[in-house]
Amino acid sequence: MNKFLITLGSLAVIATTQSCKMKNADSVVSGDAAAKVYVAPGKYDEFYNFVSGGFSGNVTVYGLPSGRLLKTIPVFSVFPENGYGYSEETKPMLNTSNGPVAWDDQHHLELSQTDGKQDGRWIFANANNTPRVARIDLTTFRTAEIIQIPNSAGNHSSPFATENTEYVVAGTRFSVPLGDADVPISSFKKNFRSTASFIKVDKATGNMNIAFQIVLPGMNLDLSHAGKGPSHDWFFFSCYNTEQAYTMLEVNASQKDKDFIVAVNWKKAEEYANSGKGHKMPASYAHNTYDETAHTAKSVIEKDVLVLDPKDCPDMVYMIPCPKSPHGADVDPTGEYIVGSGKLAALIPVFSFEKITKAIQDKQFEGNFYGIPVIKYEAALHGEVKKPGLGPLHTEFDGRGNAYTSMFLSSEVVKWRLSDLQVLDRAPTYYSVGHLMIPGGDTKSPTGKYLVAYNKITKDRYLPTGPELCQSAQLYDISGDKMQLLLDFPTAGEPHYGQACPADLIKDKQVKFYDINKNKNEFLTLGEKKANVIRKGNRVDVYMTAIRSHLVPDNIEGVYVGDDVYFHVTNLEQDWDIPHGFAVKNSSSVDLLIMPGETQTVKFTAQKQGIYPFYCTDFCSALHQEMSGYMRVSPKGSNVPLKFGTNVIAPDPTAVAATK
Amino acid sequence: MKKNDFLAVLAITIVTSLFIYGCGGGNSQASSTDTAKSANTSAPANSAAEDAKGTGKFTDVKLTHPLDQSMVKQGSAVYDVKCNACHKLTSDKLVGPGWKGVTDRRKPEWIMNFVTNTDAMLEKDTAAKSMVETCMVRMPNQHLSDDDARHVLEFMRNNDGKN
Numbered sequence: 001m002n003k004f005l006i007t008l009g010s011l012a013v014i015a016t017t018q019s020c021k022m023k024n025a026d027s028v029v030s031g032d033a034a035a036k037v038y039v040a041p042g043k044y045d046e047f048y049n050f051v052s053g054g055f056s057g058n059v060t061v062y063g064l065p066s067g068r069l070l071k072t073i074p075v076f077s078v079f080p081e082n083g084y085g086y087s088e089e090t091k092p093m094l095n096t097s098n099g100p101v102a103w104d105d106q107h108h109l110e111l112s113q114t115d116g117k118q119d120g121r122w123i124f125a126n127a128n129n130t131p132r133v134a135r136i137d138l139t140t141f142r143t144a145e146i147i148q149i150p151n152s153a154g155n156h157s158s159p160f161a162t163e164n165t166e167y168v169v170a171g172t173r174f175s176v177p178l179g180d181a182d183v184p185i186s187s188f189k190k191n192f193r194s195t196a197s198f199i200k201v202d203k204a205t206g207n208m209n210i211a212f213q214i215v216l217p218g219m220n221l222d223l224s225h226a227g228k229g230p231s232h233d234w235f236f237f238s239c240y241n242t243e244q245a246y247t248m249l250e251v252n253a254s255q256k257d258k259d260f261i262v263a264v265n266w267k268k269a270e271e272y273a274n275s276g277k278g279h280k281m282p283a284s285y286a287h288n289t290y291d292e293t294a295h296t297a298k299s300v301i302e303k304d305v306l307v308l309d310p311k312d313c314p315d316m317v318y319m320i321p322c323p324k325s326p327h328g329a330d331v332d333p334t335g336e337y338i339v340g341s342g343k344l345a346a347l348i349p350v351f352s353f354e355k356i357t358k359a360i361q362d363k364q365f366e367g368n369f370y371g372i373p374v375i376k377y378e379a380a381l382h383g384e385v386k387k388p389g390l391g392p393l394h395t396e397f398d399g400r401g402n403a404y405t406s407m408f409l410s411s412e413v414v415k416w417r418l419s420d421l422q423v424l425d426r427a428p429t430y431y432s433v434g435h436l437m438i439p440g441g442d443t444k445s446p447t448g449k450y451l452v453a454y455n456k457i458t459k460d461r462y463l464p465t466g467p468e469l470c471q472s473a474q475l476y477d478i479s480g481d482k483m484q485l486l487l488d489f490p491t492a493g494e495p496h497y498g499q500a501c502p503a504d505l506i507k508d509k510q511v512k513f514y515d516i517n518k519n520k521n522e523f524l525t526l527g528e529k530k531a532n533v534i535r536k537g538n539r540v541d542v543y544m545t546a547i548r549s550h551l552v553p554d555n556i557e558g559v560y561v562g563d564d565v566y567f568h569v570t571n572l573e574q575d576w577d578i579p580h581g582f583a584v585k586n587s588s589s590v591d592l593l594i595m596p597g598e599t600q601t602v603k604f605t606a607q608k609q610g611i612y613p614f615y616c617t618d619f620c621s622a623l624h625q626e627m628s629g630y631m632r633v634s635p636k637g638s639n640v641p642l643k644f645g646t647n648v649i650a651p652d653p654t655a656v657a658a659t660k
Numbered sequence: 001m002k003k004n005d006f007l008a009v010l011a012i013t014i015v016t017s018l019f020i021y022g023c024g025g026g027n028s029q030a031s032s033t034d035t036a037k038s039a040n041t042s043a044p045a046n047s048a049a050e051d052a053k054g055t056g057k058f059t060d061v062k063l064t065h066p067l068d069q070s071m072v073k074q075g076s077a078v079y080d081v082k083c084n085a086c087h088k089l090t091s092d093k094l095v096g097p098g099w100k101g102v103t104d105r106r107k108p109e110w111i112m113n114f115v116t117n118t119d120a121m122l123e124k125d126t127a128a129k130s131m132v133e134t135c136m137v138r139m140p141n142q143h144l145s146d147d148d149a150r151h152v153l154e155f156m157r158n159n160d161g162k163n
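Residue numbers (our numbering), protein chains in the order written: chain A, 1 to 660; chain B, 1 to 163.
Be a bit skeptical, because a hint or two may be false.
Derived DSBU-like pairs: lysine-lysine, alpha-carbon spacing no greater than 30 Å straight-line [said to hold, decoys possible]: (1) A/520 <-> B/100; (2) A/509 <-> A/200; (3) A/643 <-> B/88; (4) B/100 <-> A/509; (5) B/93 <-> A/444; (6) A/277 <-> A/355.
Chain A is nowhere near these chain B residues, computed Cβ spacing over 12 Å in every case [to be verified]: (7) 62; (8) 106; (9) 109.
Rather than coming from a laboratory, the hints here were simulated on the basis of the structure.
Being a predicted model, the structure only gives us computed values, none of them experimental.
Just so it is clear, CB atoms sit at the ideal spot from N, CA and C, and this is done for glycine as well.
Working from the sequences, and respecting the hints, build out all of it.
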C-alpha cells in the first residue's frame with residue numbers, strides 16, 4: 001500500500017511535468033494525438049470546418065482540431081431548431097418553380113476567394129436534387145440567397161468558384177431535355193443535354209445571377225474545379241457516361257476505357273455571352289434572397305436564361321480523355337496540374353495545363369465529341385500515378401508540392417508528389433472514404449497542417465445505434481513526412497465535401513445582435529407601447545414583443561375558430577446570445593427562435609375552441625418559466641370581443657361575491 | 001495519524017504543489033477567477049464616492065439647467081423601445097425598479113455607467129449586485145450609445161420633476 005502511494009505520487013509528478021511541457025511548441029509536435037486535438041474549456045479551435053450535410057440538406061460547422069460541432073446552418077432543408085422554413089419570413093427561401101421544397105441533398109461547399117485565397121466573406125453550397133446554389137453570409141452564418149438552376153438535374157459539379165469568385169458553377173449530373181420538353185427517355189442521345197451554368201457573383205454584395213449556360217452533349221458532369229494562376233481563365237469538369245446510357249448505368253455507363261475532363265474557357269464564354277453569341281431561352285426558376293434589415297426573404301421567379309452552344313463559340317470547350325469514369329477534377333495550388341480521378345482506374349492521370357495549351361495550339365486532337373475537339377491523351381498528360389490504391393475519388397493539396405487522394409475501395413488516403421508522381425505515404429481510413437479536405441486545400445494557398453477524411457461507412461467505430469449509423473470525419477496531422485491519425489468524430493447527415501479556414505478570417509466580424517432601430521420588418525413592434533392585435537376579416541395580426549421575461553400582449557381574447565392568427569414576435573433584447581423562442585399549443589408550425597432585435601412570424605390557424613397557452617421556448621432568464629401567456633379561441637360566430645393586454649388584472653368575480 | 005494517511009497527504013501535497021509551481025506561469029487562468037478576485041480586492045480600495053458613481057467611462061457628467069427638452073424627447077423614444085418593458089415611470093416595481101426618484105437615489109454617472117456598462121456593473125457594483133438579488137433578473141444590456149444614455153438620464157430628470 002505504501003509502495004503504491006509512493007508510486008502514485010511519482011506518476012503524478014511525471015504526469016504533471018509532461019502536461020506542463022505541452023505548452024511549448026516542441027513538445028506539442030512530438031506529443032501524442034490526444035494532446036494535439038485537446039482544446040481546453042473556454043479556448044477556441046484553430047479552424048472553422050464547414051461540412052456539407054448530404055441528405056440532411058444543411059451545412060454543419062465544426063471546430064478543428066477538436067471536432068466539436070459548433071452549428072448547423074439551415075440551407076436547403078427546414079430546420080425545427082430555429083424555425084427556418086417554418087416562419088413566414090424564411091418560407092420563401094425554400095421556394096422553387098415547383099413550389100416549396102422542404103428537404104434537399106447538399107453535397108459541396110466552396111468558400112469565396114479573392115486572388116485565389118479564401119476571403120472569409122461567403123460560403124456557397126449546392127443542392128443536388130432540385131438544382132440550386134446557395135450563398136451563406138459568414139457574418140451571420142445564415143443563408144442569404146438561393147438561386148435555382150434551370151435546364152439541369154442532379155446539380156453535382158457545384159458550387160465551385162473561380163479565383164476571384166467571379167463565377168460559381170453548376171453542372172448537370174443527370175442530363176435532361178432543355179426546356180423540360182416531353183420526349184421519350186430512349187431519345188437520350190438526340191434530346192438530352194448536360195449544361196454547365198456560370199453564376200455571376202456581385203463583388204460588393206455577393207448577389208448571384210445566372211450569366212450563361214453552356215450546352216454540352218448528353219452525359220453526366222460529375223465534379224469540377226476552377227483553374228488558378230496560369231489557368232485562371234479555365235474551368236475543368238469531369239464527366240462520365242459518355243456512353244450516353246439512360247438505364248442500368250452501373251454497367252452501361254462503364255463500357256468505355258476513357259471518359260473526359262471537359263475544359264471550359266470561361267473568359268471566352270463570357271466574351272461570347274457579352275457579344276450576343278448566345279440566345280435567350282424561356283425558363284422558370286426561383287431566385288430567393290433574405291433581407292437582413294427587413295428580416296424577411298422574398299422569392300422571385302426568373303423568366304429566361306442565356307444559353308451558349310459550343311458550335312457557335314469556337315475555342316470555348318475542349319475535351320481531355322480521362323480513364324474510367326472520372327470523379328474528382330482537382331487543380332493544384334500552382335494552377336499547372338489537373339488531377340482526374342478515374343474511380344474505376346488503377347492509376348491517377350495528372351494533366352499539365354502548359355501541355356494542354358500547347359496541344360490546343362498545335363491542334364493535337366484525336367477527333368471530336370459532338371463537334372467538341374478531343375485533345376490527344378498523351379499530349380495533355382503530365383504523367384500517371386501508378387498503383388496508388390483502389391477507387392481514387394478526390395484530391396487535395398498541401399501547398400508543399402504534395403497531393404492527397406482518397407481511395408474509396410481500399411479505404412485509405414494516399415500522399416504523392418506532384419513533380420515525379422511518386423507515392424510517399426498511405427494512411428488507413430475507417431471506412432470507405434469519400435472527400436478529403438485540407439484547409440484551403442483547393443486554393444492557391446493551403447494551410448497544410450491538417451487533413452480531414454469524410455468517411456461513408458462507420459460500422460464498428462462507435463457505440464451501435466440500430467440499423468442507421470453515423471458517418472464520420474477523421475483528422476490527420478499532415479505537417480510531417482508521415483500522416484498521423486489524430487481523431488475521429490461522428491458527423492451529421494452525410495458529409496461530402498468540406499471547407500476550412502483559419503478562425504481569424506471570420507471570428508471577429510460576427511454580427512452579435514440586430515439593431516432594433518434599423519429593423520424594417522413590415523410587422524415590427526418597436527417597443528411594448530406599440531403592441532397590438534388587429535383583425536381584418538378572418539386574419540388576426542398579433543404585434544408582440546419579447547424581452548426577459550414577458551410577452552406583450554400575453555392575454556388575447558376574441559379569436560375564433562377558423563381564424564388565421566399571425567404572431568409577429570419582435571425580440572426587444574439588444575445583447576449577444578439572448579434569443580427568445582415562441583411556441584403556441586397545437587400549432588402545426590411551432591416554433592420560432594427570434595434573435596435580439598429581430599422580428600419573426602409564425603402562422604397559427606385555430607382549429608378548435610379552447611385556451612391556447614404560448615410561451616418562450618429558449619431558456620432566457622431565471623424567470624423564463626414565467627414567460628408565457630394565454631390566447632382564448634372561441635367558437636365561430638360567437639361575440640367575444642377582441643381584447644388583449646399584459647398585466648391587466650380583472651376583479652375576481654368570486655372574491656366580490658365572498659365579501660357580499 | 002496513521003502512516004498510510006500521512007503518505008497519502010504527502011502525495012497529495014506534492015501533487016498539488018507541483019501543479020501550482022509547475023503550471024503557475026501558464027496562460028489558463030479562467031476569467032471568472034479574475035473577476036472574482038478583482039471584485040474582492042477592489043471593494044475596500046474603492047472609496048464610497050467612487051462606488052456611488054459606479055464602474056464605467058462616465059466619471060463627471062455635467063448637468064444642464066434648465067432641462068434640455070430635445071434630450072428629454074430623445075430619451076423618451078429610447079425608453080419606449082429599450083426600457084419600458086421592465087421599468088414603470090412611477091415608483092412601482094415591474095420587472096426592474098420604477099424610475100420615480102431614481103435621479104435622487106443615484107448619481108448621474110452611476111445611471112449612465114449602468115446603462116452603458118451593464119454587465120461589468122452587475123459583476124462589480126455593490127448596488128447593482130444587490131438589485132439583481134431583489135429583481136432576480138439581470139438587467140439586459142440594451143446597448144445604449146453614450147448619447148442614448150445621456151438622453152435617458154435627461155428623461156429621468158424630467159420624470160423626477162427636475163429643472
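Violations among the numbered hints: 1, 4, 5
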